[in-house]
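There are 2 protein chains.
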Amino acid sequence: MANKPSIPKGTRDFLPEQSLKRQFIFDTARKVFQQFGYVPIETPAMENLDTLLGKYGEEGDKLIYKILNNGDFLAKASEEKLANKDSQSIAFEISDRALRYDLTVPFARFVVQNQNELSFPFKRYQIQPVWRADRPQKGRYREFYQCDVDVIGSNSLLSEAELLCIIDEVFTNLGLSDVRIRINNRKILSGIAASAGMSEHFQSMTVAIDKLDKIGVDGVKEEMLRNGLPEAGVKKVLNLIKLKGEVTATLKMLAGAVVGSEEAYKGIDEVKVVLKALPEAVREKVELDLTLARGLNYYTGAIIEVGHDDFPSSICGGGRYDDLTGIFGLKDMSGVGVSFGADRIYDLMEEKGLFPETLKASSQVLFVNFGKDEVMSAIHLAADLRTEGISAEVYPDEAKMKKQMKYANDKGVRFVVIIGEEEFKLKKATVKDMLSGDQDSLDQKELISFINDKLS
Amino acid sequence: MANKPSIPKGTRDFLPEQSLKRQFIFDTARKVFQQFGYVPIETPAMENLDTLLGKYGEEGDKLIYKILNNGDFLAKASEEKLANKDSQSIAFEISDRALRYDLTVPFARFVVQNQNELSFPFKRYQIQPVWRADRPQKGRYREFYQCDVDVIGSNSLLSEAELLCIIDEVFTNLGLSDVRIRINNRKILSGIAASAGMSEHFQSMTVAIDKLDKIGVDGVKEEMLRNGLPEAGVKKVLNLIKLKGEVTATLKMLAGAVVGSEEAYKGIDEVKVVLKALPEAVREKVELDLTLARGLNYYTGAIIEVGHDDFPSSICGGGRYDDLTGIFGLKDMSGVGVSFGADRIYDLMEEKGLFPETLKASSQVLFVNFGKDEVMSAIHLAADLRTEGISAEVYPDEAKMKKQMKYANDKGVRFVVIIGEEEFKLKKATVKDMLSGDQDSLDQKELISFINDKLS
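These protein sequences, in sequence, are chains A and B.
Note that the working numbering gives residue 321 to position 321 of the first sequence, counting from 1, and the numbers run on in steps of one.
Note that the working numbering gives residue 471 to position 15 of the second sequence, counting from 1, and the numbers run on in steps of one.
No lab work stands behind these hints, which were simulated from the structure alone.
Please read all numbers here as calculations on a predicted model, not as lab measurements.
Wrong hints could be hidden among the right ones.
Unchecked claim - DSS-like mimics (lysine-lysine), calculated; alpha carbons at most 25 Å apart, straight line: (1) Lys-732/B / Lys-708/B; (2) Lys-787/B / Lys-402/A; (3) Lys-81/A / Lys-537/B; (4) Lys-537/B / Lys-76/A; (5) Lys-541/B / Lys-85/A; (6) Lys-732/B / Lys-428/A; (7) Lys-787/B / Lys-828/B; (8) Lys-76/A / Lys-787/B; (9) Lys-732/B / Lys-372/A.
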């Protein structure tokens, strides 16, 4: 193979520094989820094709990666379809499995399949990659991680409040305490639609509102009118969802405007209960945003979305769904969950320089290799340092000093320890602090306490 | 969908307890790797099909999962092959990508592709799933994790020693300090072959020896003879590889028996250097086993394999390869690495009950939900506990006490906190220690220190 090798479009290799930073995000999220009693699950990358098909709309179906059956996959395929080169229907004859497209449908499948081994309400998190045959572009990949956290099997609004606390805690721990957490409720939107005489257009209304950030109020209005929504209703809706300001007052105004809509009252009450169950510090950060619609049809109550002023798209979002497992035959399982967009969070943190400096350091101490005798001291001292929890490595080759120092520098090593011929004889070591540039000569037996001191 | 949903044969869902245990293995390994200055990388699940093809032998190629091209994949496919239902060659016309089959080939591809951004010697670890369309059977899955650690870009034997230390440290930290670490060297085997006049049969000889554990000495002998290896040579080889006992003495005997084979001497020297570079505690555990061959053709020096007396197959293995990146056009990159079989290690640890009991506990404290007033105290106290690093959750529904206690029990929660009507009024809490069965009544403000005391 003469050409330089490559990877499929839309996929990425992660270099060490990137991997460490990604791991930092996952570890931070994981720790918070566990603090709140959420437990991890994993599902296979491959699902049966019929588990996934029809769950993401027609467009979604096209973006699912199908896996070619192994062995003589054409044996049973229709000759006529093959002759017609009917790719779309042949696909289902030669592929039984597919790569998961999100974590939500596999989670619903998991709950139904494993229901007898779970105790409900079941609080799970799941951090795994998903695959979509989308057109790659900046910030959009064909393989990316989702980081989902859900409660299923309870319709308590305390779960919504808990998820808002989790969101606040995760982002605060990532250094992003200034995210904007916005909530809304589909029942309010549905009540608004009803009070504007647009109940039958609800889906088309929410799809349009969902685009507000991108196309502006005029764009949304235009889209609604184009789709045949009555002008008076459109005006009323756009006026209502504009309501902003202090939450209690806003809800009161809203309640006055949607008189008679039980659905809206219910939504308003839900928002109140959720807010009441939040600790003061979190409540202060949560905004009510009636323009928040989220296109996804399966949401039935709360809608949550997290954004940041310095980032164009949302970095976390979700909501309440009353019947997700119904598609797999298990009814009456209400759930609520949010998904953290790990790749976007990564990009935002990178842009704002929020990753801890220490992440870069692959090891704290490097011992220079001066030859086969001297290196034996280094090996033993490195082992001693590790016992103390200090990461340490010995340069494997007896290379030029300059090369070894460059290696230490590239890897972000904090201390370089030199045991040359002289030091070896005297049981000494020269320690160079790469941060301060200081160089110290000390007895080998003082090394651990010396480095421990410097690190603390 | 009326049928209960399922997942593809050979794949698995992981329930929370299993996921936590798996995570424990990965975290333990990761921590050790980092202590030795190894850094993580990640590669995409999908590689270009031509990156993988031809790297795993003819059998391996058949086990690679190919991904169907999206869109009108049949458009460019040969009509003749379609008419003939020639699955094997059509596969390459309708699939450009495949799921990775191991981490070694993607690593070689990664090193070549990213060589300008890496500093060598490059010490990486990688913990990711791989996929093989193998026939599923006990302990063999179609999706499983590999956990690889390699040094590339140096031929120093200190790296072999370092990997042996890592192996010892990982298994000790997992509670498996009694693993058997066996080493050998392909150069010794090659020298043995030469001294027995069987150099031309080297590959066939190592493949046979590799089966020693399974088919015994007689079986190996039979296979060699059946493959046309000269009887005198076979006898000599089988006699030599039997050599066992104290390493230095064994190597001396061996040196006497392979007089004149430079290759064997080189291998013997390598083993000596590796052993010398090991701390006493690790050296004591390492056995020289001349019957260790490992079938894989790309090994050129040290061979390492780790087993356990209570487990039928190896749980970790690897070796030195002098030209892995050559297949992608980058010559002279010697490397050495081992792969930990996470799924097998899991099975062994499960069998021996080695996972820490505390892993099960999804949260340490559960607050019973007694209604909308009482639960507000619970929410605030739970938040306070989390600030102290104690995981705590509030049962979301106002369910029957029995149901809430069962939930706590199923989840392995250590403390159940009850704030009923009476406790709420008096700012008290009743704490039940699920481990001891003790029940205490205390002031709410004492809760944190009470639980901290019990936990420490």
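Exercise. Are the Cα atoms of Lys-732/B and Lys-428/A separated by 25 Å or less?
Worked result: holds (22 Å)
For this session: For the pair we were handed, Lys-732/B and Lys-708/B, check the Cα-Cα distance against 25 Å.
Result: holds (16 Å)
For this session: Take the C-alpha atoms of Lys-787/B and Lys-402/A, compute the straight-line distance between them, and say whether it is at most 25 Å.
Result: holds (24 Å)
Exercise. Do the alpha carbons of Lys-81/A and Lys-537/B lie within 25 Å of each other, as the hint requires?
Worked result: holds (14 Å)
Exercise. Given the hint that Lys-537/B pairs with Lys-76/A, does the C-alpha gap stay at or below 25 Å?
Worked result: Holds, at roughly 15 Å.
Exercise. If you draw a straight line from the CA of Lys-732/B to the CA of Lys-372/A, is it 25 Å or shorter?
Worked result: holds (10 Å)
Problem set entry | Pair hint outcome, Lys-541/B versus Lys-85/A [Cα-Cα no greater than 25 Å] | holds (13 Å)
Exercise. Between Lys-787/B and Lys-828/B, is the straight-line Cα distance small enough, at 25 Å or below?
Worked result: Violated. Lys-787/B to Lys-828/B sits at ~70 Å, over the 25 Å cutoff.
Exercise. Is it true that the CA of Lys-76/A sits at most 25 Å from the CA of Lys-787/B?
Worked result: The hint is violated at about 45 Å.
Hint compliance for this structure: hints 7 and 8 are broken, all remaining hints hold.
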